[in-house]
Structure formats: structure tokens, C-alpha cells
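Listed below, chain by chain, are the residues.
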Amino acid sequence: MLTNLHSIPQTEFDVELIRADFPILQQRPYGKPLVYLDNAATTQKPHCVIETITQYYQTTNSNVHRGVHFLSEKATDAYEHAREIVRRFIGAQQIEEIVFTRGTTESINLVASSWGAANLQPGDEILLTVFEHHSNIVPWQLIAERTGARLQVAPLEEDGTFDIERLLERITERTRLVAVAHVSNVLGIVLPIEPIVERAHAVGAVVLVDGAQAVAHLAVNVAQLDCDFYAFSGHKIYGPTGIGVLYGKRALLESMPPYQGGGDMIRRVTFERTTYNDLPYKFEAGTPPIAEAIGLARALEYVSTIGLNTIAAWEEQLVSRCVELLGQIDDVRLLGPKQGRTGVVSFVVDGVHPHDIATFLDRQGIALRAGHHCAQPLMDFFGVPASARFSVAMYNTLEEIEYAISALDECLNFLR
Amino acid sequence: MQLSEELRNLYQEVILDHHRSPRNYGKIDHPTHYAEGYNPLCGDHIVLTLQVDSDGRIANARFESKGCAISRASASLMTEEIIGKRIDEVHTLFQRFHEAVTTDTDPSSLQRELGKLIVLLGVRDFPTRVKCATLPWHTLEQALNGGGTATTE
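So the sequence lines, in the order shown, correspond to chains A and B. The numbering of the first sequence is this note's numbering, which starts it at 1 and goes up by one. The numbering of the second sequence is this note's numbering, which starts it at 1 and goes up by one.
In isolation and in its complexed conformation, chain B is listed as follows:
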């Protein structure tokens, strides 16, 4: 069976690797920030805990999830990207990422800002899967804005 280029682009080796062995998986015992994300359409569920320093820098991030390869890989990549960044930087990164997966901006112009997140741009060809990639980020925003439950609906 021939795999289409879109499929190979969606499920790149980096994504499958983060899906099979997610980084920063688990929970922080006494987090400063916490939120749950939920996609009612597919039942994806993510729990995100953060440790934010007094100077507004994300010292640690952990997640647990029940979900598809895309949402899990996206969460794993997200935690890697945000640890060490200031909250304002993280907000900007989310905006860039959201823009990147929902528009057709030339990927090469986004490489510098998005770093490793660029591998998730394959969802562009799969409109129903964009929410899988953005669920961890909506959950992050929710956690930083006081916690609670984020949904993609």
C-alpha cells in the first residue's frame, strides 16, 4: 500500500517518536499552574502541570494525556519548547504556532520562530486534525490564565 505524501508528512518520524516516547510525561507534585484540556469530538484529554518561577519563567512542565498521536506528540514537543521560556514568550509562541497550523504561510519563514514545532505543520492538509495539534496549547493558555478546563470546541 502506497502511503501518500500528506500522510508521511503528518506522521513524520519525529512525531511518531514523541508519540511512542513522550517527553516530560507525568505530573508535577506541587504545580503553580494546572489545567485540563478536552476535545469533546474525539475524547482527547490532557492534564498539564507547570512550575512557574517568581520571575515569570516556566521552570518545569509535565503532561499526561489520553489521545491521538498528533495531540500527544504536540504536547510533548510543546513542553520541550516552553521549559525555560518566559510567559510572554510562550504566549507569542502559541500565537505563531496557531497561525502556522491554520494558515498557509511559507514554512521556511516560520522555521526560526517555531523550531521543532515545525514538524506539526503536516496537519494543514488535515483540517479535522488541527484541533488535535492545538489542544495542548489551548490547555497551556488555560493554565496560565488561572486554570480550569480548556476545550477545543
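Chain A extracted, bound-state conformation:
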């Protein structure tokens, strides 16, 4: 039975009501209103998430899956309920398919270490795209070194657009795994996952989707995508840091060796032999981030109440306005396509370094990111050392976008 939290009916979207839910937005850095446009790095937390975590520590805190006492049962129930919320949020079929991790990075490392070590052979290929985040490159390089597998990279077109055919044609009988970002953290491109999965499955390869930049911006349903693994972080979807999710198809997870050893992931330990616990606990060694998992679940409920389709429609307006206004400034070069981008707007300016832009805008109360965005191969592709990036969340306003771009315009007039 597929129940998906995205189907909850939505009320009309009012950004001012949303903003009131986020206490940090009241901050006034350097005496100016905070304009937080670094949401692809991390999102701010609504009051309900902060309150849920506080309440957990005040009323429930205990270790999970251990004691028979009152608090331990209460904490275990809350933790497992959080898993159920996650399951529904991404449309997974079974609770056993939801593994809690520290974040997207750990989720990917788990698959690389466990699935990779058990399945990759010399000559096997791992297919990535040129715009992957370092966290979806380096774990595969590490396992490739250990197993003799090779990395293949799907390129971008010269104009920075992505042609899915260039990726599909690189899926061959040698491909064992395709690991791709659902949404690029620099370009904002949304990758069509279904055709990738279809082609990969046809050659017996598995597909891992890095959903770090996707889950807060579009409705994700892993059963529909039919991907084998899906990874995301709590803190990029209004939840706490230190919690992430790995979705994996049950049969695959069953077949994989444990990632880390320790408490909670075992059934019986002797010095001769250890038998492992059932899914998903086999992959959750040690005391998990309990409060964080519960906080994440609260964040997912919050997002679902507003509705991802509503959020996506609002953010689309913000991003379009941003792209439109940037286009009116001389010598601004957008990285990636003008249309069809989700969440992020990255750009470079002739003669002005992104760090100078970020410092200048910071003093106007505007937070944006400058640097390589953990995507150095992509920066190399564009021939730039770094770029500047505005990234939006549901609480941003059109006025904030306009204020930020006018500050950018002044900054460029001053520095050039």
C-alpha cells in the first residue's frame, strides 16, 4: 500500500505565515534584515522542529532498543515512528528499507563500502555525472581503488545544459552502478531518473540517487522512480544536522554486508562468530541520532502540511525572478540552463571574484555561498575557480531576491 505524505491537502500559501515559523529569520546581522539565500548548504529550522527536539530531551530521552523501562520504550516508539514518517514521505514500501545515517554523505559511503566491496570487480564501471557533489565522487573513487572498478563520467554540453542521452549511452554491460544527483547543487538541473533506472536495470546495474538537493524542493516517490538507493540529509529539509536517510530496496539491503560493527546491529555475538540483526538495524551500529531522527520526522510533517507542490511552485517564482534580474546585469554568466532549474542559481562575473561578492553582500545582511560548492570537477568544466550561488527555500520572498540582486549590482559597480 503506497501512502504518500505529499497527498495531504494543502491550504493557500502565505510566505509571511511561513516566515513566522522560523525564529532565526528575525536576526539582524550588522543591523540589517537577514536575507538567507544559502539554503542549498543548509536550511533554517521551524519552531516546531526546535520544539520537538527540546521536548524529546525534556520528556523522552533514553537509549533505544535497549531497556524495558518506561523512557526507553517511549524513545524507541518515537524513533521508530520517525522511520515510518520518513517511509511515507518518500513513498517507500517497507519500513525495513529506511536506514538512518548521519547524512547524505554517510548514506553514499555506506553503499560504496558495503554494496561496492561485495559486488565490484576489476573492469566494472561506476557511472557518474560531471556535476556530482564531492560526496558522490570520492566514496566511489575509494571503492574503485580497492576493487579495480573504474569511474565513467557523463559530461555536460558545452553550453552547460545536460543531455540525458549522453548519460544513457554510457550505460553498458560493464556498468555495475549509476550514481547521480537528483538535483545538481550548482546547476539546479533536475535529472530524469526513470529512464536512467530503466536502462541501468536492463544491463543489470543498480542506481543510487543523491537526493540531497531534491527532497526539499520536489515530491520524491522512490517506488515510482524505482531507483535502488536514495540518499538525503535532514538538515537540507528544515530538519536537524547529523541525521540522514538511506533508502534501499529490501532485497539489496538484505544481500549487503554490514557497514559498521557495534551495538544494535547484532543478534548474537561470540568471539567465534556474530550474527547480524534484521533490517534496518543491521546498518545502524551504535546509538543512533535519536533526537535528530525525531526532529527530522517533524520537519517532514511540516513540509507535508504545506505541500511540496505548493513549495515547488513558490520557489519556481523565486528562482525565475532571480534568473531574470541577473540577466539584466552586464557580464554576469549563469552556470547551467536559464529554465528548468530547481532551488539554486549559480553565476560568475567577469573580473569580480565570488568571495568579494559574498563578503560585500554579507555586510548587507545577505547570506550566499561563494566557492567551488564541493563540485570542483564542474568548476573545472566551466573553467572557473569558484562561483557565487543564491539558493532559495520556501520562506524566501520576491522582495528578498530583488534586494539581493540590487545589492549585487551595487557591489559590482563598486568593485569593478
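These are calculated hints, taken from the structure and not from any lab test. One thing to keep in mind: the hints can contain errors.
To be verified - BS3-like mimics (lysine-lysine), calculated; alpha carbons at most 30 Å apart, straight line:
1) B:LYS66 x A:LYS338
2) B:LYS131 x A:LYS32
3) B:LYS27 x B:LYS131
4) A:LYS249 x A:LYS74
5) B:LYS85 x B:LYS131
6) B:LYS116 x B:LYS85
To be verified - Label-pair ranges, simulated between beta-carbon atoms:
7) A:PRO23 x B:GLU99: 39 to 49 Å
8) B:HIS30 x A:GLU158: 34 to 44 Å
9) A:ILE329 x B:GLY115: 34 to 44 Å
10) B:SER109 x A:LEU398: 42 to 52 Å
11) A:PRO29 x B:LYS66: 26 to 36 Å
Cβ atoms here follow ideal geometry from the backbone N, Cα and C, with glycine treated the same way.
Based on the hints, put chain B in the right spot on chain A.
Below, chain B without anything else, positioned relative to chain A:
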């Protein structure tokens, strides 16, 4: 939009001028010393070539860089300051400069030793930008200590 005093102090006219028209920009064909500097955080990259005389005096210095206004202006100002100085003087100058940008010593007491470099003291109010100002100097130290790649990490 009102520019804060800190911002105006960071991006002084002298710095913007050196950023827009860097001095001693380029490469020496047959340098006696060479090093690259790299700041992995922001991707700033600098290539420094030196011509050092047999008596240990820096006869010429040239740099090329991809980087922010602060690192480029700092490199440009640095080359102007070090040309004609002995290596031991340059080491001392680096120590003074490093101290000046990372502590809150009264600038007026540093004016005589630092000369034009004093304009870079605005980075004090921007802790994340101190490395931009010191990258050229770390690269210089690297070049004088046998070459290779210097990083600010």
C-alpha cells in the same frame, strides 16, 4: 545602500587599484625561485616567480593569479615591497605582516615597518578573508624554501 566603514576599509581605493591593475603581473622566464599557492577553500591560485641575486637580494618578482580582489592586491603590493630587499628582510617583513593582520596591534605603530602593506589591515574585521591576504606571502615563503605548492589550509 550604505557601505559600512568596515567594507570601505577592506576595499580601500589602493586595494581596488591594485586589483584592477596589478603591478608586476606575469612570469619571469628563467626564475631562480618558483612556487604556486592554493587556497582550497575558495579556489584562489597564485603562481609566483622570483629572480634572486647571488648576494641574496630579490632582483625581480612576478605573479599570476586567479583569485579575489584581496589576494590579488596583496600579491601586487607584496611584489612591490619585496623587490630590492634581501631574503632575510623579506622573512622579517612576512612575520610582521602576518602579525599585523592576525592581531589587533595598533596600526600606527606598524606603519614604518609595513609601508604600503598597511592598507591590507582591513581584513582584520573579516576573519574569513585573512587567508586571502596571506596566501601570496605563504607562496613567497614556499618559493624561498625550495619551491612547490603552498596552501593556506
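To see whether the hints hold, each was checked on the structure:
1. B:LYS66 x A:LYS338: At roughly 26 Å apart (the allowed maximum being 30 Å), LYS338 (chain A) and LYS66 (chain B) satisfy the hint.
2. B:LYS131 x A:LYS32: Answer holds: LYS131 (chain B) to LYS32 (chain A) is near 26 Å, not above 30 Å.
3. B:LYS27 x B:LYS131: holds, 23 Å
4. A:LYS249 x A:LYS74: holds, 28 Å
5. B:LYS85 x B:LYS131: holds, 24 Å
6. B:LYS116 x B:LYS85: holds, 15 Å
7. A:PRO23 x B:GLU99: 39 to 49 Å: Since the Cβ atoms of PRO23 (chain A) and GLU99 (chain B) sit about 41 Å apart, the hinted range of 39 to 49 Å holds.
8. B:HIS30 x A:GLU158: 34 to 44 Å: holds, 38 Å
9. A:ILE329 x B:GLY115: 34 to 44 Å: holds, 37 Å
10. B:SER109 x A:LEU398: 42 to 52 Å: Once the Cβ atoms are compared, 50 Å apart, the range 42 to 52 Å for LEU398 (chain A) and SER109 (chain B) holds.
11. A:PRO29 x B:LYS66: 26 to 36 Å: Given about 29 Å between the Cβ atoms, the range holds.
In summary, the structure agrees with every hint in the numbered list given earlier.
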